[in-house]
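Undergrad: Chain order of the listed sequences is G and H. Start counting the first sequence at 1; every next residue gets the next number (my numbering). Start counting the second sequence at 1; every next residue gets the next number (my numbering).
What follows is a set of in silico ranges between Cβ atoms, one per label pair, in the way DEER data are often shown:
| hint | chain 1 | residue 1 | chain 2 | residue 2 | range |
| --- | --- | --- | --- | --- | --- |
| 1 | H | F159 | G | V70 | 32 to 42 Å |
| 2 | H | L27 | G | V70 | 46 to 56 Å |
| 3 | H | R5 | G | V70 | 38 to 48 Å |
| 4 | G | V245 | H | D87 | 58 to 68 Å |
| 5 | H | Q80 | G | V245 | 52 to 62 Å |
| 6 | H | V269 | G | G66 | 32 to 42 Å |
| 7 | G | D244 | H | G239 | 17 to 27 Å |
| 8 | H | S122 | G | T110 | 28 to 38 Å |
| 9 | H | P190 | G | D244 | 48 to 58 Å |
| 10 | H | G239 | G | A217 | 16 to 26 Å |
| 11 | G | N132 | H | P220 | 28 to 38 Å |
| 12 | H | L150 | G | L184 | 47 to 57 Å |
| 13 | H | D174 | G | V245 | 34 to 44 Å |
To be clear about the criterion: a stretch of chain H counts as covered by chain G if any three or more of its residues have a C-beta under 8 Å from a C-beta of chain G, and this derived list gives those stretches:
| hint | region |
| --- | --- |
| 14 | 238–249 |
| 15 | 255–262 |
It is worth saying that the hints were derived from the structure and are not from the lab. All residues carry an ideal CB built from backbone N, CA and C; glycine is no exception.
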Amino acid sequence: MTRIQQVLFRLESDYGGYPYHVTGNAVYNAIARRVDARTRKALHVSHGVFVPGEYGEYPAAHSESGYAGVLGKSLPSVETYADLFLYRDAAQRWLLDSRPRDAHNTFDVTRHGGRLAFAPSCWFGRPAEVRNSKRSVQWFMQCYLHTGRGDDVLPIGEDVLEGLRVGAARNYGFGELSVVDMQLVELDELDYSRVEDTSLQLELVSPFVLSSEYPGADGQDVPWWWETDSQVRRRETRLVNDGDVYTVETVDHGQVVEFVGTDAVRTAKNGVRRVGTHSRFGFGEFRLRPAAQDRVPARVPAVQRGEA
Amino acid sequence: MKAERITLSGVGAVLLLTTVAVLTPSLTLGLVDWHSAFELLLWGTTVLFATSALVWLVLTYVIGAGYEPPTPVHGGDDIQVRILTVDAADVVQATVDSLPATFDRLVLSTDAEVLHSRWVTSQAAAAFNESVYYPYSSLQFHVLLVAALLDNYRAGHAFEDLHLVATPSAAMPDQEWTAEAARESEEVEPHRTVLWSPVCALHVTGEPGDRPSASLGSCPARSFADTWSRLSRHPFDAGDRRWRRLDAQLRRIRSWSTALAYIEDYVAVYGDGGVA
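Please model the complete structure; the sequences and the hints are all you need to start from.
TA: Here's what the structure looks like:
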């Protein structure tokens, strides 16, 4: 039995940290100082993905369909494997096409004496004839916690998670988070029927670590069960622990490769609990999806349109 | 309720009643004589049309007599007509013939490469949206993307062969960003360069070679974020905070023209340095 605890935070102040996501390492360190040693040892934390609170509709792969009202401000219930990833894609494909989704999904940049930060909400002007002259779109951050096998410290209470601070300039009030929603999901009880018996693609949700300067961390190759025509894109990033900075060589997130391994369902579950070194701190999260189902919803394969 | 609506509803009701009375007289229980109902309908219609014609005559020739239309704010002198079709001479001639004689300025470019270099560096076109319904999109990049697609199709490439190619910029600080400079620059590929900026150049092409590239997929879609995050190499230094932030924002934007406009705006505001 593997439970994960999904947590949705609201951004309360400007965020000056890593712009792609809040790293699992940052969230872990923020939580670690508030919990006991046993929890600290057992806890694994995913990267936090930024989500705007806006009107949307469920994507095709989701267990529910159609108009969803406001998404991003709460955690919808999770019934299938695909539901886990509703908020985990930076492109936030559930945003309605009928509204300025690209503007809603782009952070407003604020300037603090030569330093740039992301604003926790963005203001939009409204047409002169309507009652309110402007409206705001707020930013949220979704991540999930779980433990290694045999440990049972979940759920982490709201009082522990409330008011965490992440990213740069925390002492100046930056990166403050408040809890808006939490839920426990049992990975073994989800419906994995869409990833069984079909050709699959693997999409990296967070970077996969190839080598690390961190003491005792082994180097790793790109796994044999990833197949790609060209080289996967690499990126050097840093892991900060107790003021020490370690360089980490990774495969960049957002890369898509073919999955050529066996036992897709077990791999899918491992992908949620993440693979590779530093997986405790959010690295190595991936999603499997049927190769026939493109992650761009409008891109229906030519075969299905009857052209090929 | 307005008078015209009341009149129309009345005539409609009479029409319905007459139809019923003429087709199935038994339904009206003998209360309506269909001859007189039909007569009423014809008279009603005739009077309605005659009255409206009379009203129109009075408005036009009595009340509106002596009306002079105001002089237009912008005359023919202020308008340029640009004809961009160059391959089909008969189409161009037909268009020129159909223009009013008041236009005395006609810009006819026969060099598509010059046109492309002007669109790539245009500041005026960048100020417009594709449509008021898409306030954050850009007319400039929409046109450039369409031009790149057309050029690739003419060269025999199908959509699934196309790639987004991102080349790092080698621009010197004294680089000029004019149309002439674009034609001289090696970074700008005629028709296929969709963005030429101090940070990188982006091209849509069927011949990516060994440059950093990502396939556009099987058919046109709003897929910028996906294509961008699959690029085989990064066109700019993602170790620099400024560019990392831009990279992160681009992974959120799905519309192509919006994303290209965002790069241009971001570089214009934060590209000079002084921020981290």
